[in-house]
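Protein chains in written order, with our numbering: chain A, 1 to 121; chain B, 1001 to 1121.
In short, the hints are calculated from the structure, not lab data.
Positions of the beta carbon are idealized from the N, C-alpha and C atoms, including for glycine.
Mixed in with the good hints, there may be bad ones.
Stated by the list, open to error - Simulated DEER-style distance windows between Cβ atoms:
no. : chain 1 : residue 1 : chain 2 : residue 2 : range
1   : A       : 87        : B       : 1013      : 17 to 27 Å
2   : A       : 28        : B       : 1091      : 21 to 31 Å
3   : B       : 1044      : A       : 97        : 37 to 47 Å
4   : B       : 1018      : A       : 90        : 25 to 35 Å
5   : A       : 31        : B       : 1025      : 32 to 42 Å
6   : A       : 52        : B       : 1116      : 21 to 31 Å
7   : A       : 48        : B       : 1059      : 42 to 52 Å
8   : A       : 99        : B       : 1063      : 46 to 56 Å
Claimed, not checked - Coverage of chain A stretches by chain B, computed from C-beta distances (three or more under 8 Å per stretch; other residues unrestricted):
no. : region
9   : 13 to 25
10  : 72 to 86
11  : 91 to 97
12  : 103 to 112
These are the residues of each chain, in order.
Protein chains: 2
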Amino acid sequence: MNILILVAHGSRREESNLEVDSLSKKMLKFNSNQFDKVIPAFLEFASPSIPEAIEMCSKIGAQRVTVLPYFLSAGVHINRDIPEEVNKASQNFPNLEIKVTSYFGSRDEIAELLMKTALEG
Amino acid sequence: MNILILVAHGSRREESNLEVDSLSKKMLKFNSNQFDKVIPAFLEFASPSIPEAIEMCSKIGAQRVTVLPYFLSAGVHINRDIPEEVNKASQNFPNLEIKVTSYFGSRDEIAELLMKTALEG
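Taking the hints into account, I'd like the entire structure generated from these sequences.
In structure tokens:
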């Protein structure tokens, strides 16, 4: 079983966290059967945290976990916090193959999508 | 003259702010002549601020300014901070027509783009 964890920053505003939750559900539509499940996780202000999400994956029998950082820029969360949390969790679950993808903001499509947003107003 | 202001949160990490700067340049490629210029602005940690960017627009003779929030979720920055800063600035430049677009994270395309990132690894 291969589980995708969508990691967002997390907010004090519950609605923002629910947006991430609903986004993780929408993503399944575009899944080409590679992932059995998409679950959200948060760095701050909301749960599950990354270690909690990875523990959940292990408990439900995942062999592979893919961590996708939903962040716009390669700040300290991308360069330090997420790798650190993933490393800690992998020590607790040595049988789990855990991979971290590029962060969302690194996508080339963003410039075009931003201009589309501007043109639509 | 119509100027597009790409508003990002801003970071203590200069590289993150430079990413926004280079993104604002890339966006011009997808412009259908509606905007004469795309400039970045930041809520925190970097300049120009929104009021500074709007002042620049007025100084170089813009009649219209479009503010595009480069944020993933509709948190307090989208709901309070950006509208407040834009309102303050519009009082100082009553001849400028200023419009705020939807925030980037509201785009429907994001779920698909995230799944693409996950599948590419």
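| message | How does the region 13 to 25 of chain A fare against chain B when you require at least three residues with a CB closer than 8 Å, holds or violated? | response | Our answer is that it holds, as 6 residues pass the Cβ test (under 8 Å) against chain B, meeting three.
| Has the hinted range 25 to 35 Å been met by the Cβ atoms of residue 1018 of chain B and residue 90 of chain A? | Given about 32 Å between the Cβ atoms, the range holds.
| Is 32 to 42 Å a correct range for the gap between the Cβ atoms of residue 31 of chain A and residue 1025 of chain B? | The hint (32 to 42 Å, Cβ to Cβ) holds, given that residue 31 of chain A and residue 1025 of chain B are roughly 34 Å apart.
| message | Just to make sure I understand the rule, a stretch counts as covered if three or more of its residues have a C-beta closer than 8 Å to a C-beta of the chain. Does the region 103 to 112 of chain A meet that for chain B? | response | With 7 residues close enough to chain B, the hint holds.
| said: Can you tell me whether the CB distance of residue 1044 of chain B to residue 97 of chain A sits inside 37 to 47 Å? | reply: holds (38 Å)
| said: Verify the CB-CB distance for residue 99 of chain A and residue 1063 of chain B against the hinted window 46 to 56 Å. | reply: Holds, at about 50 Å.
| said: Holds or violated: the 21 to 31 Å window for the beta-carbon distance between residue 28 of chain A and residue 1091 of chain B? | reply: violated (46 Å)
| field | Outcome of range test on Cβ distance (residue 87 of chain A, residue 1013 of chain B; 17 to 27 Å) | value | Distance hint for residue 87 of chain A, residue 1013 of chain B holds at roughly 21 Å.
| CB of residue 48 of chain A to CB of residue 1059 of chain B, is that within 42 to 52 Å? | The hint (42 to 52 Å, Cβ to Cβ) holds, given that residue 48 of chain A and residue 1059 of chain B are roughly 49 Å apart.
| said: Is the listed coverage of the region 91 to 97 of chain A by chain B valid when you require three or more residues with a beta carbon under 8 Å from a beta carbon of that chain? | reply: That given contact is violated, which follows from only 0 residues of the region 91 to 97 of chain A lying within Cβ reach (below 8 Å) of chain B.
| message | Between the beta carbons of residue 52 of chain A and residue 1116 of chain B, is the distance compatible with 21 to 31 Å? | response | Distance hint for residue 52 of chain A, residue 1116 of chain B holds at roughly 26 Å.
| task | Check whether three or more residues of the region 72 to 86 of chain A sit with their beta carbon closer than 8 Å to a beta carbon of chain B. | result | holds (count 5)
Violation of the numbered hints given earlier is confined to hints 2, 11; the remaining hints are satisfied by the structure.
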